[in-house]
Each structure stands twice: as C-alpha cells, then as structure tokens.
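There are 2 protein chains.
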Amino acid sequence: MKRHILTTALAGTLVLAPAVSLAEETFAIAIHGGAGTITRESMTPEREAQYKAKLKEAVDAGYAILEQGGASMDAVIAAVKILEDSPLFNAGRGAVYTWEGQHELDASIMNGATLEAGAVASVTTVKSPIALAREVMENSPHVMLSGAGAEMFAKQQGLDLVDNSYFNTKSRYEALQRMKEQVGNPQDKTAWQQLPEEYKHGTVGAVAVDKHGNLAAATSTGGMTGKRWGRVGDSPIIGAGTWADNSSCAISATGHGEYFIRFHVAADICARVKYLHQDIVTAGDTVIHDVLAPVGGTGGVIIVDPQGQVHMPFNTEGMYRAKRQAGQTAEVAIYKN
Amino acid sequence: MKRHILTTALAGTLVLAPAVSLAEETFAIAIHGGAGTITRESMTPEREAQYKAKLKEAVDAGYAILEQGGASMDAVIAAVKILEDSPLFNAGRGAVYTWEGQHELDASIMNGATLEAGAVASVTTVKSPIALAREVMENSPHVMLSGAGAEMFAKQQGLDLVDNSYFNTKSRYEALQRMKEQVGNPQDKTAWQQLPEEYKHGTVGAVAVDKHGNLAAATSTGGMTGKRWGRVGDSPIIGAGTWADNSSCAISATGHGEYFIRFHVAADICARVKYLHQDIVTAGDTVIHDVLAPVGGTGGVIIVDPQGQVHMPFNTEGMYRAKRQAGQTAEVAIYKN
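These protein sequence lines are chains L and D, in that order. Following my numbering, the numbering of the first sequence begins with 751 at its first residue and continues without gaps. Following my numbering, the numbering of the second sequence begins with 751 at its first residue and continues without gaps.
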C-alpha cells in the first residue's frame, strides 16, 4: 500500500525510504469455513483440533504466497482450495446434499484492482469450483456460468472433473435426512425458514491484500442442505457473497444466503467504507449486527482493507475463521468468545 | 409517499390535509426495452411505430394499476409481461439465441418495501420468466433458482410452460448467424469483447413507485446473442440488473451484463443516493457516464425515486424507453436526442 504510506509520510515527517520499506510489509489474509451454531458444548476436542489445524494450514498457505510477494488472487485461491479439499467444510469435497440427494456447488472470485470477477453456479462435477470461477474470469468473455454449460467450459479448460459421488460424506447425508424430517412438506416455506441454522450455513472463503496493495476475495460452497429447484445462494453472486475493490475492501460472506442476496451484504459493507468513510469494523458490525440480525439474517463476513486491517464479524454462535497479518503468526478461532 | 410529504409539511407550514391529499397523487412508472446502437438511420418508420406503440401499451398498463391505487409490484409485472409477450424485445417471446441455437431466459424482481427478491436464471420453457421470478419471491424459501430445477418449480406453481421453439424468431436467428461469423473462434475472448453492441444488449424492465410510497423493480431478458456455457448476465442478479429499496430508489438495467455485474450497477446507484445523498440524476449519470462508459460498459438504466422522479440515462446511441408520472401522459422515446 505505497499510496497510503506515502500519504501518511507526506502528512507527517517526509522520510521516504522507511515508508516504502514499511509499505512492502503491508499484507494480510483472512479465511472462514462457515458460521452457525458452533458451540464448545457441541464440539469434541478431537474435532476442534481437526478444524483448527485445517484452518491454520489454509491461512498459512495463503500467507506464504503473500510473504513472497505473490498476488492476493493467488493467495485466496490457495487457501480456498485447501478448504474445498477437506471434508470438514461445506465446499468442494464436503459439500452438503440437495433435496434430491445430489451436490450442486457454487463459487465466485473478484480482483479488487480491476473489478474483474468470475462465478459459477450449480456445478456438479467440478472438483474445485473456485478454480473454475477463476477460469471464467480469466478465460471466458462472461462473468457467470451455470450448470451443464459451466461444466462443458471446465472440461475445455482442462480442469479436474469428478463424479458427483466424490462429494458424498456420511455426516452430510445424515444431515439431509434430519433436515427432511424437520421440514416435512417441502412446499412449506415457513418450515424452511424455521430450520435450525446448521442446515442453512456453510461456506468457505478468503480475502487478502498483497504487498502491491491489491485486494482479492474468493468464496466457495455446497450451498444449503436440502436446497431444491436449482437454488443459487449468495456465494456466486458478485456483491452478495463476494466483493473486492482496492478503493474500499474485500469481503467473503457466509450465512443464510437468501438474506445476503437481498441485502447485497458484501458490496454494501464496502459501499459504507467508500461513501460514508467508515472503517471496516464500523461498516461490518453495522451490516452484520444492526441490519441483518434484526431481520433474522444469520451469518458473518471476513473483511480486509488496503491497509492490511482485518475484521471478522458474525451474528451466530460461532464462525470458523483465521487471519494472519504481515510479520505475525496465524490466529485461529471458532467461537464467539 | 406520506412520510416524505409529512416531513415537508412539518418543515414548512403545517397543513396536514392537503399534504396527505398530495401524497396520494405521487406515483410513477418507467420502462425500458433495451439499449444499444439504435439510430434513426437504422430504423424504418413502420418499425419505429411498432416499438413506440408497444412501449406505450406497456407503460400505460402499469400506470393504470398505479392510478387505481395498486401496488408497484403489480404495475412492473404487468408492464414487463407485455414486453415479454412481444417479439420486438429480447425477453420472453423475442429472446435471442444461445450459441447452440436455443433460448435461455433470465429475470428478477425486487420489492423496495421489504427488500424481498426473486430471480431465475437459464430457464428454457417458462413463458413468462418475470412471473416465475415473482413466484420464487412469494412462494419459495429461496431468492434465486436456475435451470431445470427452476422449471420444476414453475410447473408445480402452475405457470404457463412452452416448448423452447416458442421463442424462435427469424430476426434473432439471423442475428445469431451474423454473430457466429464475426466471432469465428468461440474461444477467442477478444473477438467476443469486440462484437458490436447489438449482440450484447437487449433486456426489458420496469420500475415504479405507487401511491403508498412503495418501490418495485423488474427485469427480464433472453441474454446475449450467442452466449455459451450457461452464461448468466446481470438481469437475474439482485444488485446488478435489478434493485429496489424504499429508502433510495428502484432500478432496472440493460446493457453489456458482464460490466453491470462487475460494477453492481443497480445497487451502486442506489448506494450513492442513500449514502452520498445524491439525487437520482447525479447518481445515475455518474455511474452510466463516468464509471461505465470509460471502461466500455455500454448500456443504461431506468430509475424512479420515492418522490416519483424518473431518470433514464444511457451511454449508447439509443434506449427504448417510456415513462408516465401521476396526472401526466406517457412519454415514449428511443434515440438520444
């Protein structure tokens, strides 16, 4: 963030060399693995250790790229791929089941320097949806592809394809059965809305700022347990689940996607930073706690700004999350306190 | 807009009865039928008359509902359905062809009073995509449905289904052939970007404010001529092609959808109204002319605010458009000047 540092330097004592040196040390990454009813009581020590180890592995992988002067885009992709490949999280390998017992995955990515973006919705055979989102951004004339067409594009680009059963896991299958029992009649809109959080949530994401001051955001998910009719959540919606703009901030969201679309959460937080000149703590807390929570919009976001600040607000019991800022060690957390 | 009028009344002389009476007369509707290279030279008098007649029919249908005290949601749906049913516009009946020679339709709707929204992407057999978007909003637990799943939902809700060939028209088929010749290699991203505007554009939409001060926005499209791989444009993306919020404005967009997603055009214009306190003329012109035009983002938007003001900026040669405000006759226009 040379521009910021120079501005600071000009405002105070004009010592250019240390400022540039300091600027090169400004970078940060934050990741999430979903928000929801995650309490100490519901967790075993073994399971908690598994989650923490995988979160640390992912945030450290992204950090290593940033530390070597790599691009924030590469850092967020590296972190998200590790989370996608783990069955612990609802994305890639550990994706939840649709009502019909299949898996339909969504993902999106955005480059804060260029506002270029890529997104895929309802893909069923792509091993890494976030890798496909990046291909869409870089190698197609479009921003968003969906369904079988998106898979045809993935095949042409030489991405890894898998059978849909690759995404099968016992725990997600059992969650689908419990969810179906609770809903009863699938046409009952109220029954869906009253479902416990555990069925509505689960997404992975990463945001980063690199040494060049460029922001990036990436989000990937299996969606909502028992989703029907080709449902698309907020994760592949640019402005809802993902947003990155060097002039404000980068965001990846996780939560009850329908609310995150209706309140275009990611872009709104950045709009508050850009237009109201709020810092990311104020803007993020306002949207998550004052706008979403009162209407029942459960979930959270991770935010990074061009100065390398990180904020990770959520209005649920917990959110799998980690951050690592320049020169510091990784901080991994799950619960509210 | 009782709240606004009461505020005005309180600020000036407190005369409550006339204020409420005046409030009941505040309503307006605006519609568009797409933006692009539409010049007087490229139009015959007969064709111009056809477009103008259909635009007038649509805006008058919405106006009649508002005049009788109906909801803005009903008004925008009525107007959009008339445009969908006409082969003149790239939505419903007159939808363009995909690369594979089929039709994939997108639509979305938003209620400014509740921020409820509904969207459908890549549907192939639903006669009125905007009617389906409303069903999603009102009768599903989701905001956005796509593909075959969305059609299953449409069938369950008893909507009119048609064979995909219902959307066949000679002129759109010829446009696909011309487009394919120009692109040559479909993998060539640059060739796509350099395509003339006529292939990238075409959408219909409506925005309205009713006597109760409630805003609504609706957008429907066949997408981009020759689109591939299940491409989704801005029309079904809440915040990109459609946005409505009683606290700022209602917007429907038309243009090169990829840019409208990346710059989340509809929500950004309303964010400028809400956070920077710009009027809709300033906010709309800034985004269309100063943000989008310099990067090649061609298109336009229609905007209505809670006070019944209407603005319809575009950065192309023309935009099919019409508006009708309380007590006035319809104004229909096509060209820039």
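Hints in this document: simulated from the structure, not taken from any laboratory. Incorrect hints may have been included.
No distinction is drawn between identical chains; accordingly, a pair holds when it is met within one copy or between any pair of copies.
[Stated by the list, open to error] List of simulated lysine to any residue pairs, SDA-like, C-alpha gap at most 20 Å:
hint, residue 1, residue 2
1, K920, E807
2, K920, T1079
3, K806, L945
4, K806, T1032
5, K1024, T1036
6, K806, R790
7, K939, L909
8, K930, Y916
9, K877, S915
10, K806, N918
11, K806, K930
12, K920, N935
13, K939, Y916
14, K1086, Q906
15, K920, Q932
16, K930, Q852
17, K877, Q818
18, K877, D910
19, K1024, D1035
20, K802, S792
21, K939, Q906
22, K877, Q943
23, K877, T789
24, K905, T787
25, K877, Q1059
26, K1086, S792
27, K1086, Q1028
Since the structure is predicted, the reported quantities are computational estimates derived from the model, not experimental observations.
Cross-check of the supplied hints:
no. : hint          : result
1   : K920 / E807   : neither (24 Å within a copy, 57 Å between copies)
2   : K920 / T1079  : neither (34 Å within a copy, 64 Å between copies)
3   : K806 / L945   : neither (31 Å within a copy, 46 Å between copies)
4   : K806 / T1032  : neither (27 Å within a copy, 47 Å between copies)
5   : K1024 / T1036 : both (15 Å within a copy, 15 Å between copies)
6   : K806 / R790   : within (19 Å within a copy, 62 Å between copies)
7   : K939 / L909   : between (37 Å within a copy, 18 Å between copies)
8   : K930 / Y916   : neither (22 Å within a copy, 37 Å between copies)
9   : K877 / S915   : within (11 Å within a copy, 35 Å between copies)
10  : K806 / N918   : neither (25 Å within a copy, 54 Å between copies)
11  : K806 / K930   : neither (34 Å within a copy, 49 Å between copies)
12  : K920 / N935   : neither (24 Å within a copy, 45 Å between copies)
13  : K939 / Y916   : neither (31 Å within a copy, 32 Å between copies)
14  : K1086 / Q906  : neither (44 Å within a copy, 42 Å between copies)
15  : K920 / Q932   : within (19 Å within a copy, 51 Å between copies)
16  : K930 / Q852   : within (14 Å within a copy, 36 Å between copies)
17  : K877 / Q818   : neither (27 Å within a copy, 54 Å between copies)
18  : K877 / D910   : within (6 Å within a copy, 37 Å between copies)
19  : K1024 / D1035 : both (16 Å within a copy, 18 Å between copies)
20  : K802 / S792   : within (15 Å within a copy, 64 Å between copies)
21  : K939 / Q906   : between (39 Å within a copy, 14 Å between copies)
22  : K877 / Q943   : neither (30 Å within a copy, 29 Å between copies)
23  : K877 / T789   : neither (30 Å within a copy, 48 Å between copies)
24  : K905 / T787   : neither (37 Å within a copy, 35 Å between copies)
25  : K877 / Q1059  : neither (32 Å within a copy, 49 Å between copies)
26  : K1086 / S792  : within (14 Å within a copy, 63 Å between copies)
27  : K1086 / Q1028 : neither (24 Å within a copy, 39 Å between copies)
Going down the numbered hints, you'll see the structure goes against 1, 2, 3, 4, 8, 10, 11, 12, 13, 14, 17, 22, 23, 24, 25 and 27, while the others check out.
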